[in-house]
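Asker: The residues making up each chain are set out below.
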Amino acid sequence: GAGVSQSPSNKVTEKGKDVELRCDPISGHTALYWYRQSLGQGLEFLIYFQGNSAPDKSGLPSDRFSAERTGGSVSTLTIQRTQQEDSAVYLCASSLAGGSYEQFFGPGTRLTVL
Amino acid sequence: QKEVEQNSGPLSVPEGAIASLNCTYSDRGSQSFFWYRQYSGKSPELIMFIYSNGDKEDGRFTAQLNKASQYVSLLIRDSQPSDSATYLCAVEKNQGGKLIFGQGTELSVKP
Numbered sequence: 041g042a043g044v045s046q047s048p049s050n051k052v053t054e055k056g057k058d059v060e061l062r063c064d065p066i067s068g069h070t071a072l073y074w075y076r077q078s079l080g081q082g083l084e085f086l087i088y089f090q091g092n093s094a095p096d097k098s099g100l101p102s103d104r105f106s107a108e109r110t111g112g113s114v115s116t117l118t119i120q121r122t123q124q125e126d127s128a129v130y131l132c133a134s135s136l137a138g139g140s141y142e143q144f145f146g147p148g149t150r151l152t153v154l
Numbered sequence: 030q031k032e033v034e035q036n037s038g039p040l041s042v043p044e045g046a047i048a049s050l051n052c053t054y055s056d057r058g059s060q061s062f063f064w065y066r067q068y069s070g071k072s073p074e075l076i077m078f079i080y081s082n083g084d085k086e087d088g089r090f091t092a093q094l095n096k097a098s099q100y101v102s103l104l105i106r107d108s109q110p111s112d113s114a115t116y117l118c119a120v121e122k123n124q125g126g127k128l129i130f131g132q133g134t135e136l137s138v139k140p
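Chains A and B supply the protein sequences, listed in that same order. Each number in the working numbering corresponds to the 1-based position in the first sequence with 40 added. Each number in the working numbering corresponds to the 1-based position in the second sequence with 29 added.
These are computed hints drawn from the structure, not numbers from a lab. Certain hints may be false.
[Stated by the list, open to error] Taking lysine-lysine pairs in the PhoX-like style, the calculated list, with each CA pair at most 20 Å apart, reads:
{"id": "1", "chain 1": "B", "residue 1": "71", "chain 2": "A", "residue 2": "97"}
{"id": "2", "chain 1": "B", "residue 1": "96", "chain 2": "B", "residue 2": "31"}
{"id": "3", "chain 1": "B", "residue 1": "71", "chain 2": "A", "residue 2": "51"}
{"id": "4", "chain 1": "A", "residue 1": "97", "chain 2": "B", "residue 2": "127"}
{"id": "5", "chain 1": "B", "residue 1": "139", "chain 2": "B", "residue 2": "31"}
{"id": "6", "chain 1": "B", "residue 1": "96", "chain 2": "B", "residue 2": "127"}
{"id": "7", "chain 1": "B", "residue 1": "122", "chain 2": "B", "residue 2": "96"}
For reference, chain A alone in the conformation it holds in the complex:
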């Protein structure tokens, strides 16, 4: 595709349920990032994948959050036992490589936990 795509665009779930958010990076981009943005706030780094290296998970807020990237392309962010404070827009970005390359953002998934 021409850009980073994410699905679903919106997700409403009940507290305690698990959710999966998907990201398709730009073809050929080896680096993939997940951020989240709460209302009126800047972006909070969650996790970073670069090629076959071990991911940088330093931004994951709790062990309820996990992510994987299969085949060096598509990534899934999973949130288990969702809480109301997890409500936010989850943004995925990709870049040609790790380091100081421009990160291109997807449209985001708006997660609402009731």
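Could you slot chain B onto chain A? The hints should help.
Answerer: Then chain B, alone, in the frame of chain A:
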């Protein structure tokens, strides 16, 4: 202290004026600095990046970096209503690609 700090605004300037957006960061070892623009309800898009002390110009935009003062700014000349958006300052730590964002400054350009 937040790692990257910006005034949340809103910053209001008249059309045609210079808008000045400021950002400070706490990690003296930071190497790369980015300005992203985010329209309401949209995703961030890169405006400029800067690595070296001094000024970097691109059209109506100028990024300024002062590593000694741990300060980075974005100037927008001849501001247009279409520049109205939230501007996010981001700092890359340790050249690993991980960006730390400020909370953003909302800019409003009045016709």
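Asker: All hints are to be evaluated individually against the structure, with a verdict given for each.
Answerer: Consistency of the hints with the structure:
Distance hint between residue 71 (chain B) and residue 97 (chain A) is unfulfilled; the C-alpha atoms sit about 26 Å from each other, more than 20 Å. At roughly 17 Å between alpha-carbon atoms, residue 96 (chain B) and residue 31 (chain B) fall within 20 Å of each other, so this suggested pair holds. Our distance criterion of 20 Å between C-alpha atoms is met by residue 71 (chain B) and residue 51 (chain A), whose separation comes to about 17 Å. For a cut-off of 20 Å, the pair hint linking residue 97 (chain A) to residue 127 (chain B) stands: about 10 Å separates their Cα positions.
The straight-line distance between the Cα atoms of residue 139 (chain B) and residue 31 (chain B) is roughly 31 Å, outside the 20 Å bound, and the hint therefore fails. Pair hint residue 96 (chain B) plus residue 127 (chain B) holds up; C-alpha atoms about 19 Å apart against a cutoff of 20 Å. Annotation: proposed proximity of residue 122 (chain B) to residue 96 (chain B) holds, straight-line Cα distance about 14 Å (limit 20 Å).
The structure fails hints 1, 5 (numbered hints given earlier, in ascending order).
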